[in-house]
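Chemist: Protein sequence lines correspond, in order, to chains A and B. The numbering used here applies: residue 59 is where the first sequence begins, and numbers increase by one. The numbering used here applies: residue 32 is where the second sequence begins, and numbers increase by one.
Think of the hints as simulated: they come from the structure by calculation, not from any bench. Quick caveat: nothing in here was measured; it's all calculated off a predicted structure. Take these hints with a grain of salt, some might be off.
Stated by the list, open to error - Simulated coverage check for chain B against chain A, where a stretch passes if three residues somewhere in it have a Cβ under 8 Å from a Cβ of chain A:
1) 196-206
2) 286-299
3) 359-371
C-beta: ideal position from N, C-alpha, C; glycine also.
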Amino acid sequence: MTIKSVFAGFGGQGVLMMGYMLALTAMRQGKNVTYLPSYGAEVRGGTANCTVVVSDDEIASPVASSPDIAVVMNNPSLLKYANLVRPGGIMLVNSTLVGSVVNRQDLNVVKVPATDLAHELGEDRSANVVMMGAFAQATGVLSLEAFSEALAETNLGKKPKVLELNRHALQVGADSARQALEAARSAASK
Amino acid sequence: MARQLMRGNHALGEAAVRAGCRYYFGYPITPQNEVPEYMSGRLLEVGGTFVQAESELASINMVIGASMAGGRVMTSSSSPGISLKQEGISYLAGLELPAVIVNMTRGGPGLGNIAPAQSDYFQATRGGGHGDYRCIVLAPASCQELCDLTIKAFDLADKYRNPVMILGDGMIGQMMEPVEFPEMTDLASLPAKDWTLTGAAGRPQRTILSLLLDPKVLENHNYKLVRKYDAVTLAETDWDTYLCEDARLVIVAFGTSARIAKGAIKRVREMGLKVGLFRPKSLWPFPTKPLEELSRVVRHLLVFEMNSGQMVEDVRLAVNGQAQVHFYGRPGGVVPTPEEIAHQISHYYYGAHLNEDGPSRARLVGGLS
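Next comes chain A alone, as it looks inside the complex (with noise of 0.2 Å):
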């Protein structure tokens, strides 16, 4: 099985740091894996993406046309990956920052407060974090578990208490895309 993944947001929102992480725990589990960052002229405040394959077989190429899955960190992210995800997929989105809505019918759309939710852990950036757990969450590709394992292996995990904040983080996403999925299916069976 072969999923592509795309993360977009503002430069500094930890957008590529997200990439890693999934690229970084898929290999970590045996996977094939390749993650390629959008380079250039990006700065802080630009907007940032990156793509991440993760597949048991050999991977052909590290582009995705239609990705699978798409976590938009802001709105213009939103408006320019709404129409590219294949029918089926899964759009993981942070509704503290975006307004718009997805006018689309054939999505599983995952809406998670990420930033408020990392505000009242006490650390704005670890908005990122928070959306990886609800990646792990609503998407299942990797589990928890391996995600938190692999965190103590990057930058969010060389001090003790910032991998704990962070591993905080992960279930806090977790749990919100949990109760966004719950709520969204108890709104459908009704």
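Take the given structure of chain A and dock chain B to it, following the hints.
Modeler: Structure of chain B alone, referenced to chain A:
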């Protein structure tokens, strides 16, 4: 050693250090800036020398100096920067000095853009600078292969006293993939060089010159180079094939476009199309002979490049009219998807009636392609 998730440009740097590279001279340009970034820190750890020169010209001349003194030396750049280095590369070839030159190709001509491209194939394989010379050119298709070929590049450069070029592209440089590195090369274990200029105290003087004014002398020097290139062609031609055994159509592609083609081939194989891949890993020496042998069996070749048609000329020379050679390319830094290539493949496949059994397998279609 465990697999590491590394960006191509960083993997290149680590592989170079492990191959014994202790000297790096360069000048920044996207999309290869992570090479000097990595080398600036890493060479310090192993007691090497890193210089960010004032220009590409300065850096390639520093490479000449370090190589003359016997060091394993590397420089890297991207297309416009590689053009600036050509004079020095010609000198390296003329002086018979080993060096590794990396081109993480971007879209051209001119300043172009910073997107991945394969439009420097001509420049790399024809020499690039003035004079009758060749660089050995290696084309990696993944981060692991980039690591492996970098180590090989240093060995080939020393073995043949010749510049070796790694021809990657922006995608190979920027992409992260798992990489496994070999152990550090023991510098003392490398073959001794009996030609270096390190001070003549206690031994007869040596000179290394590329100015040979007497045409007879220069002609002999050129013939010596030709003999060397013949030896390289015999021993170092490198290529890979994939599902060619029963193929009626073979895609010829290198580097990034080869892995995209492989994805496309997997798709069309699911639809029952008998398509294979021929991937040159050494662009010079080009795998002329194996391709000629293949064209005796497979009459249809589709060359796919991220340019407007360069390697296709070498393919035509190799098959020498024995097979139909068709070309598909995307220039300007566009990276096509496997879907797009799969579409091109099936379009050609059915157009040439390759789905039919019997003599149609070798039928010529549509005049000259």
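Chemist: Now look at each hint and say whether the structure bears it out.
Modeler: Quick rundown of the hints versus the structure:
no.	hint	in the structure
1	196-206	holds (count 4)
2	286-299	holds (count 6)
3	359-371	holds (count 4)
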